[in-house]
Structure formats: C-alpha cells, structure tokens
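S.K.: Same order as they appear, the protein sequences are chains A and B.
Each residue of the first sequence is one higher than the one before, starting from 3 at the first, in the numbering used here.
Each residue of the second sequence is one higher than the one before, starting from 45 at the first, in the numbering used here.
FYI, nobody ran anything at the bench for these hints, they're computed from the structure.
Note that the structure is predicted; figures quoted are calculated from it, not measured.
Heads up, a few of these hints could be off.
[Said to hold, decoys possible] Pairs of lysine-lysine residues, derived as BS3-like cross-links and limited to a Cα-Cα distance of at most 25 Å, are as follows:
id, chain 1, residue 1, chain 2, residue 2
1, A, Lys193, B, Lys115
2, A, Lys193, A, Lys204
3, B, Lys109, A, Lys185
[To be verified] Derived CB-CB ranges, DEER-like:
id, chain 1, residue 1, chain 2, residue 2, range
4, A, Asn559, B, Lys182, 49 to 59 Å
5, B, Ile200, A, Met181, 25 to 35 Å
6, A, Met181, B, Ser84, 18 to 28 Å
7, B, Thr124, A, Lys193, 24 to 34 Å
8, B, Gly59, A, Asn343, 53 to 63 Å
9, B, Ile200, A, Asn289, 43 to 53 Å
10, A, Asn111, B, Gly59, 16 to 26 Å
11, B, Thr124, A, Pro290, 32 to 42 Å
12, B, Val158, A, Met181, 44 to 54 Å
13, B, Ser84, A, Lys405, 53 to 63 Å
[Claimed, not checked] Residues on chain B that point at chain A, a partial pick, calculated with CB under 8 Å:
id, residue
14, Glu55
15, Ala62
16, Lys109
17, Asn112
Think of the CB as a built atom: it goes at the ideal place given N, C-alpha and C, for glycine as much as any other residue.
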Amino acid sequence: MKHFTGAQLVIKTLEYMGVTTIFGLPGGAILPAYDPIYDSPIRHILARHEQGAGHMAEGYAQSTGELGVVIATSGPGATNLVTPLMNALMDSTPLLAITGQVASTSIGNDAFQEAFTTGITMPATKHNYLVTSASEIPQTLIEASHIATTGRPGPVLVDIPKDILNEEAEWIEPEMKDMPGYKPTTTPNPKSISQAASLIKKAEKPILYIGGGIIHSKSNKELFELATLAKIPVVTTLMGRGAFPDGHYLSLGMPGMHGNYTSTTSLQKSDLLIAIGVRFDDRVTANPEYFAQNAKVIHADIDPAEIGKVRDPEVPIVGDAKNVIVELIKELDGFECDTKNWLEEINSWKKQYPLSYEQEKNGPLKVPFILEQIQQLVDEDTIVVSGVGQHQMWISLYWKFTKPNTWLNSGGAGTMGYALPAALGAKMAFPDKLVLALDGDGCFQMTCQELITAATENIPIKIAVFNNGNHGMVRQWQKLFYNDRFSATELTHDTPNYLQLAESMGAAGYRITAPEEVEETFKEALNENSKPVLIEFVVDPDDMVFPMVPAGGNNNNVILNQEEAEKKL
Amino acid sequence: MTERILSILVEDKPGVLARVSSTISRRGFNIKSLSVGPTSVEGRSKMTIVTDANAVEQVKKQLNKLINVIKIIEFDPKATIEVEVMIIKISTTKETQTPVIEKATLSNARSVDVGVNSVIFQITGTSIELNKFEELMKPYGIIDMVRGGRVAMQGIQS
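Take the sequences, apply the hints, and build the full model.
M.R.: Here you go:
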C-alpha cells in the first residue's frame with residue numbers, strides 16, 4: 003500500500019472533493035501542505051494577507067453557492083482568518099479553512115507562531131477540528147466540507163499540526179459516516195405546511211419576506227412561481243437581493259434601516275408575513291416591538307434556532323427553503339390571494355414615495371447617479387460586489403438585481419474591506435462574467451493590497467471606488483446625531499493618489515469627477531481586459547443615504563430625505 | 045426565577061465542554077449549574093445544566109446546533125430526580141463535637157473525617173436540603189465547603 007504524507011493527503015482529498023481553486027498564504031507550520039500544491043492541478047491564489055484570502059474564498063462561495071477553500075499558517079496566519087470566518091458565519095457562507103498548527107508535541111508550550119486556533123475560532127465557525135493523526139485527514143476534510151455546505155451553511159476550520167502534515171498514512175477513500183449530532187431537518191412538517199397554507203388563504207395583505215436562505219437553497223425559481231401564482235408581493239432583504247427579480251410588479255426591494263419606503267411600510271401594514279430564509283435582523287425590524295404589529299407570521303428556516311429568536315411565529319416551519327416553497331405551492335394548489343386592493347395600496351406608496359436623488363449638472367457626483375449610469379452599460383449577469391457603508395446601501399437600493407448570486411456583500415458582519423478580495427474570488431469562479439467591485443474609499447483602503455494579487459495572478463476584475471474622502475456612513479451619523487462633530491472620519495480625497503496606486507499595483511487607473519465623464523470613461527474602463535481596472539469616482543462627501551430609520555427606532559416613522567431628517571432628528 | 049434542568053448527551057471529545065460553555069456565554073445565557081460526567085455508553089458524556097426558564101428554548105436550540113451535541117432533554121420539573129453533592133468542614137470543640145455529629149446524622153449527612161477541632165461531612169440531596177444543612181452548621185463555624193454541580197434524571201412515569 004502506497005503511503006502519503008499528511009500534507010499530500012490534504013491536497014489529494016481536496017482534489018478528490020473536486021476543489022479546483024484555493025486561496026491562501028504559506029508560512030512555517032503549513033509549509034508541508036504547500037509542497038504538493040506545486041504539482042497539483044488545483045490553482046492556488048497567493049493573497050497578500052490572510053484576511054484577503056478568506057474573503058476571496060467567500061466571494062468564490064457566495065457567487066457559486068459552492069464551498070470556498072482557504073489555507074493559512076498557524077498563529078497570526080490563523081488569527082488573520084478570524085474576520086472572514088465570522089463574516090461567513092453571519093452570512094451563512096460555506097467555507098473550509100485549513101490552518102497549519104505547531105507540532106503536536108509543542109502545543110501548549112507557547113511555541114513560535116502558536117495560537118489556540120480551535121479555541122479562538124470556536125465562536126466564529128459552525129464547527130472546527132484539531133487533527134491528531136495523518137490517517138484522519140481525508141475523513142475530517144470530507145466531514146468538514148459536509149458540515150460547511152449542508153443545513154445552514156457556514157465556515158468550518160480544520161487545524162493540522164506540522165508533524166501530522168509530515169506523518170505518513172495510507173489513502174483510504176473517505177466516506178460520509180453518520181454524525182450522531184448533525185442531522186439538519188430539510189423536509190418541512192406537512193402539518194405546518196397546511197397551517198401555513200390556510201393562513202395564506204385567509205390573508206388580505208400578505209407579504210413574502212425573503213432573505214439569503216432562498217439563495218443558499220437555490221430556490222429563486224420556486225419562489226417566483228409561488229409569488230406569481232398566489233399574487234403575493236415580495237420584500238428582499240440585503241442578503242436576499244437577487245432572489246426575486248427587481249422590476250417585476252410584485253418586487254418591493256429592500257426593507258429596513260435604509261430600505262425603501264414601500265418595502266418597509268408593506269411589512270408594517272401587512273397582516274401576514276411569509277418569512278422564508280430570514281432572521282428578523284435588527285437592520286430589518288428596527289425595534290421589534292413596533293415591527294409588523296398587525297401581522298401573523300409564518301417563519302420557515304433551516305436553522306430551528308432562528309425561529310422564535312426575535313419574533314414568535316404563528317406557524318414555525320423548519321426545513322430547506324426549496325422544500326418549504328415546493329410544498330406550499332402544492333398545498334395552495336393554484337390558490338390566488340385576493341391582493342388587488344393590497345397591491346393598489348402598495349403601488350400608491352411606490353408612486354408617492356419613490357427613491358430620489360438630485361444630480362446637478364455641474365455639481366459633485368452622486369453615487370446613485372453613477373450606479374444608474376453604469377447599470378445601463380453592463381448586462382444582468384454582472385456580479386456586483388460591495389463593501390460596507392453608504393455605497394452598499396445605495397447599491398442595494400438602486401441596482402436592479404434580477405438573478406441570484408449576482409450580489410455579494412458583507413451583510414451580518416458588516417466587514418469593511420470585503421469587496422475587492424471577494425470580487426477576485428468570484429472572478430476565479432466566473433472568468434467569463436463581468437465582476438464589478440463597487441467600493442467605498444474607506445473600505446478599499448482596508449484590503450487594497452489584494453489589487454496586487456489580482457494583477458500578478460491575472461484576474462481582471464473591475465473596481466470602482468466611490469471616493470468621498472470620508473468614512474461616509476459614520477460621517478452621516480455624526481451629521482445627524484452628533485451635531486456635525488466629524489470626529490476621525492476624514493480620510494482626505496487626494497491621498498492616496500488612486501491613479502498612481504493603480505499603476506504601482508499593476509492595474510489600469512481611471513478617474514471620473516464630473517457627471518458627463520461617467521459614461522464614456524466607464525466604457526473605456528470596461529474595454530480594458532488585460533489587467534485589473536481601478537476607477538476612482540470623486541463623489542460628494544455630504545451626500546447621505548435615505549430613506550432611513552434610526553437604530554432601534556420604529557419602522558412606522560421612515561425618514562425620507564435630508565429635510566425630514568433635519569426636522570425629525 | 046423559575047429554573048429548568050436540561051440533560052445534554054454529548055460526544056466525549058476534547059473541547060466539548062468548552063464549546064458548550066462558549067455557546068452559553070456567547071449568547072448571554074445565565075447558567076446556574078453545570079456538571080459533566082461519563083455515561084454507560086463509551087464515547088458519550090452527559091451534562092446537566094440548570095438554566096432560567098425564560099431562556100430555556102434558545103439555550104436548547106443554540107446548543108443543539110453544536111455538532112458534538114447529540115440530544116437534549118428538558119426535564120419536567122414536577123417529576124425530576126435531582127441530586128447535588130456537598131462536602132463541608134465544620135469547626136468543633138470538645139463540647140460541640142457530639143451535638144454537631146448528631147444533628148448532621150439526623151440530616152442524613154455522613155461524617156467522613158473526624159479530627160480534634162473539626163469534622164468533615166458529606167451530604168447528597170436536593171439543593172434545598174443542602175442549603176438547609178449549611179444553615180444548620182453555620183453557627184458552629186464553616187471552615188471550608190464545596191458543592192458539586194446538580195445532576196438529574198427524569199423520574200419514572202406512572
């Protein structure tokens with residue numbers, strides 16, 4: 003029987019699992035695992051920081067719905083992964099992290115680059131492992147990826163000491179064994195389905211309140227069928243954008259803190275929330291006491307712990323969103339809700355309270371204007387990746403998403419710096435699609451060294467940086483709640499010089515400062531496919547995101563614009 | 045505040061106790077008692093957790109998400125066999141030693157070490173019984189005391 007080192011078994015198992023791309027950064031303890039990568043068909047992308055590598059793997063996973071793999075060394079290598087792990091946990095992204103550890107004989111001795119990785123990452127992962135012999139490696143990796151990709155997806159970390167990577171063992175084909183403590187419920191209880199259907203049949207103002215669970219379970223087609231058959235309008239949360247096509251007459255877009263008026267208000271006025279793959283996040287509900295007070299709730303989720311966590315539903319359903327929707331369609335048997343009046347009411351809000359911005363001809367650039375301009379220049383398969391803050395909210399409000407997995411962002415964790423590396427990961431998964439990172443300058447500066455990765459690995463992503471010279475969202479709050487005391491939010495417009503930065507990092511740079519330049523210069527940037535592209539938009543630092551409901555507020559009091567904000571806050 | 049007792053069957057693997065306690069503190073749950081020990085099945089341990097009644101649903105659901113947690117049973121508070129253990133060292137004199145031992149014996153405590161100036165008792169019972177015993181011994185002077193976590197089992201259904 004041929005023997006392999008633990009390191010060879012790691013790579014062999016990844017190949018066996020069908021992994022084609024991994025993201026990482028080598029170092030002492032993980033060094034043995036990098037040797038077999040040298041001969042492997044797996045493409046390794048060398049990130050400039052482990053956080054970047056982690057977000058790349060997340061971008062790969064979010065855009066495909068499949069497992070993303072990241073590899074790093076012990077100690078600081080592993081601790082640099084904590085942010086992406088936590089980010090993946092919050093947004094239910096399937097991620098496998100493999101970390102090197104000091105030799106098992108040195109564990110606990112404060113050895114060089116030793117960190118208690120399984121301890122540190124315990125609350126940031128769905129599960130983690132410390133491997134104690136080379137023979138366990140294939141089985142552990144298969145189990146880890148099974149846990150990461152099934153049930154409510156999430157990150158799983160496998161920590162492997164260096165001596166175990168060097169130890170020899172046989173290759174035994176791994177198989178999924180029964181895990182006594184892990185049996186996600188995917189099939190909904192038929193009784194709950196019939197209770198849900200009878201509530202739907204009685205509802206006068208039903209709303210489908212839809213989140214990331216639809217995208218994870220790949221059930222957007224089923225959702226479309228349910229919504230259009232039963233004539234129920236659809237609200238999509240930040241993580242659920244793309245699950246239902248914007249522009250459809252039943253589509254209401256994003257609700258909540260920076261949601262549009264109609265979406266937020268439709269939840270407030272509804273008499274039945276059909277909540278699928280959502281978790282009643284505080285950014286959606288504001289103060290839960292005032293949230294959708296007149297509504298009964300059907301709450302379906304694959305994670306039983308989400309049901310009743312914030313709001314006790316009338317009908318709880320544990321199951322995979324796809325199964326839940328398919329069963330609901332069957333149970334409703336062609337039933338059409340009488341939502342004519344309800345839709346009229348909703349349409350009157352759409353007309354009365356539309357999203358609005360003003361772009362003066364010679365005035366400073368506004369992000370919503372730029373977004374509407376560039377959306378006209380790209381196709382609907384374009385993958386849009388965002389950072390966190392004002393620009394993220396504007397994209398979610400103004401971009402018309404029509405397909406799932408075309409919108410990648412950091413929702414639950416709000417991790418600034420996500421966009422660029424995640425875009426790079428998505429481009430690795432979809433080399434033929436346009437991958438567009440739309441980022442803020444504050445976010446971009448957190449992980450911008452990965453532009454070097456994009457250039458040296460020939461990954462031609464496009465990055466638009468909305469440069470307002472500030473941490474815009476924090477500045478907005480300082481303006482509204484801290485009496486214009488702009489403490490530590492100014493970044494400056496001119497440093498770095500983005501054109502020089504792009505050039506020095508091997509990317510093509512463009513700068514757009516006026517409304518009339520947007521279309522032409524952006525077109526030019528779109529045609530540059532030989533290297534990554536960085537497009538700087540110099541935008542208005544005083545622009546603010548509206549509508550808005552302040553944190554912990556009441557969703558009945560949506561603030562529509564700056565004038566209202568000045569009166570009410 | 046009303047409390048609930050949970051019996052948690054877990055895989056006997058390194059770090060399982062840390063996972064359970066980390067989940068509890070991460071979610072901000074209040075735990076009054078936690079004990080862990082082996083079961084009659086190899087590779088399985090059992091934990092007994094006493095928690096507030098109002099948090100019990102979330103405690104159960106969040107702990108159930110842990111891969112190493114196999115099963116959680118919530119006991120019916122009206123039909124639970126519950127035991128806690130205490131070892132207590134009482135200061136004695138020539139005059140008090142006999143009455144101390146007599147009182148302890150009447151309380152179902154057992155003297156396990158008798159010295160010239162002190163006696164060590166061991167007692168098992170419900171938390172209330174142990175509290176009462178502690179009060180009874182207080183006037184003589186408690187030198188040292190240790191209580192183990194509460195363990196419980198669902199009573200036989202009639």
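S.K.: Would you mind marking each hint as holding or not holding in the structure?
M.R.: Outcome of the hint check:
Note on A:Lys193 and B:Lys115: the hinted pairing holds, with a Cα-Cα distance of about 24 Å set against a maximum of 25 Å. Simply put, A:Lys193 and A:Lys204 have alpha-carbon atoms about 17 Å apart, close enough for the 25 Å limit, and the pair holds. Using a Cα cut-off of 25 Å, the hinted pair B:Lys109 and A:Lys185 holds, with the two alpha carbons roughly 10 Å apart. Here the CB-CB span from A:Asn559 to B:Lys182 is close to 58 Å, well matched to the stated 49 to 59 Å.
Checked against the hint of 25 to 35 Å, the C-beta distance between B:Ile200 and A:Met181 comes to roughly 32 Å, which is consistent with it. A hinted range of 18 to 28 Å for the beta carbons of A:Met181 and B:Ser84 is consistent with their spacing of about 22 Å. Under the hint 24 to 34 Å, the C-beta atoms of B:Thr124 and A:Lys193, about 30 Å apart, fit the expected range. About 57 Å separates the C-beta atoms of B:Gly59 and A:Asn343, a value consistent with the hinted range of 53 to 63 Å.
A hinted range of 43 to 53 Å for the beta carbons of B:Ile200 and A:Asn289 is consistent with their spacing of about 47 Å. Separation of A:Asn111 from B:Gly59 is about 18 Å and conforms to the stated range, judged on CB atoms against 16 to 26 Å. Under the hint 32 to 42 Å, the C-beta atoms of B:Thr124 and A:Pro290, about 34 Å apart, fit the expected range. Look at B:Val158 against A:Met181: about 52 Å separates their beta carbons, and that is inside 44 to 54 Å.
A hinted range of 53 to 63 Å for the beta carbons of B:Ser84 and A:Lys405 is consistent with their spacing of about 54 Å. Contact between B:Glu55 and chain A, as hinted, is supported at the beta carbon level, the nearest pair being about 6 Å apart and thus within 8 Å. Look at B:Ala62: its Cβ gets to within about 7 Å of chain A, closer than 8 Å, so that hint holds up. Taking 8 Å as the C-beta contact cut-off toward chain A, the hint placing B:Lys109 at the interface holds, the least distance being around 6 Å.
The interface hint given for B:Asn112 holds, since its Cβ lies 5 Å from the closest Cβ of chain A, which is under the 8 Å cut-off.
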